Amino acid sequence: MLILNGSFEPLHVCSVKRAVGLLMHDVVERVEDSGYFLRSPNALFPVPSVVKLRRFVRGPFRQRVAFNRKNVFRRDDHMCQYCSRHTFDLTLDHVMPRSRGGGTTWENVVACCKACNAKKRDRTPEEAGLRLLRKPYAPRFMFSSAYGVMPDIDPIWERYLPAHRGRP
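If you want this note's numbering, it's the position in the sequence shown, counting the first as 1, plus 334.
It should be emphasised that the hints constitute simulated quantities derived from the structure, not laboratory data.
Predicted model only: the values in this text are computed from it and were never measured.
Treat the hints loosely; a few may be bogus.
As the list claims (entries may be wrong) - Each computed DSSO-like pair below joins lysine-lysine, with the alpha-carbon atoms no more than 30 Å apart:
1) Lys-404 - Lys-453
2) Lys-469 - Lys-404
3) Lys-469 - Lys-454
4) Lys-404 - Lys-448
5) Lys-351 - Lys-404
6) Lys-448 - Lys-469
7) Lys-453 - Lys-469
8) Lys-404 - Lys-454
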């Protein structure tokens with residue numbers, strides 16, 4: 335379940351059990367239902383997909399997604415940003431090589447297969463005859479749970495999330 339702040343900003347992802355508990359204690363209100371139901375011998379309870387806190391909770395002004403190898407691969411959907419091969423055997427590539435002043439930042443690092451990385455070497459993509467599929471960007475929100483990144487995001491959540499999955 336997606337939990338939204340009182341201002342409709344995404345805050346957290348929780349379990350069905352947690353969302354139902356928050357609804358029962360009147361902490362959140364239902365925004366979107368999932369289409370599933372919890373059944374008891376004498377009651378039918380619609381399972382929410384999106385809930386919103388009844389009041390605004392002040393949080394950090396802007397939560398930043400940690401810059402690390404795993405999150406770059408998540409942002410790029412485990413796909414080489416030059417040849418579009420889906421693989422879990424990726425490397426990181428600096429679009430503007432570090433030797434030419436390129437930084438290790440969200441806006442300069444992409445997921446790259448080993449073949450494209452070897453072809454690009456210490457050059458810019460243009461010099462190597464390669465083209466980026468999309469410009470690298472710093473993601474504003476990334477889902478994860480105790481079990482790792484969530485592979486599939488409920489389509490109902492799309493309208494409540496900042497641009498993601500290839501849309502900066």
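Evaluated hints:
For the given pair, Lys-404 sits about 23 Å from Lys-453 by alpha-carbon distance, which is consistent with the 30 Å threshold. About 18 Å separates the Cα atoms of Lys-469 and Lys-404, which keeps this hinted pair within 30 Å; it holds. Straight-line distance between C-alpha atoms of Lys-469 and Lys-454 comes to about 17 Å, which keeps the hinted pair within the 30 Å bound. This hinted pair checks out: Lys-404 and Lys-448 have alpha carbons roughly 16 Å apart, not beyond 30 Å.
Restraint check for Lys-351 and Lys-404: the C-alpha separation of about 29 Å stays at or below 30 Å, so the hint holds. Of the pairs offered as hints, the one joining Lys-448 and Lys-469 holds, with about 19 Å between alpha carbons and a cut-off of 30 Å not exceeded. For the given pair, Lys-453 sits about 19 Å from Lys-469 by alpha-carbon distance, which is consistent with the 30 Å threshold. Distance restraint check for Lys-404 and Lys-454: the Cα-Cα separation of roughly 22 Å lies within the 30 Å cut-off, and the hinted pair is therefore satisfied.
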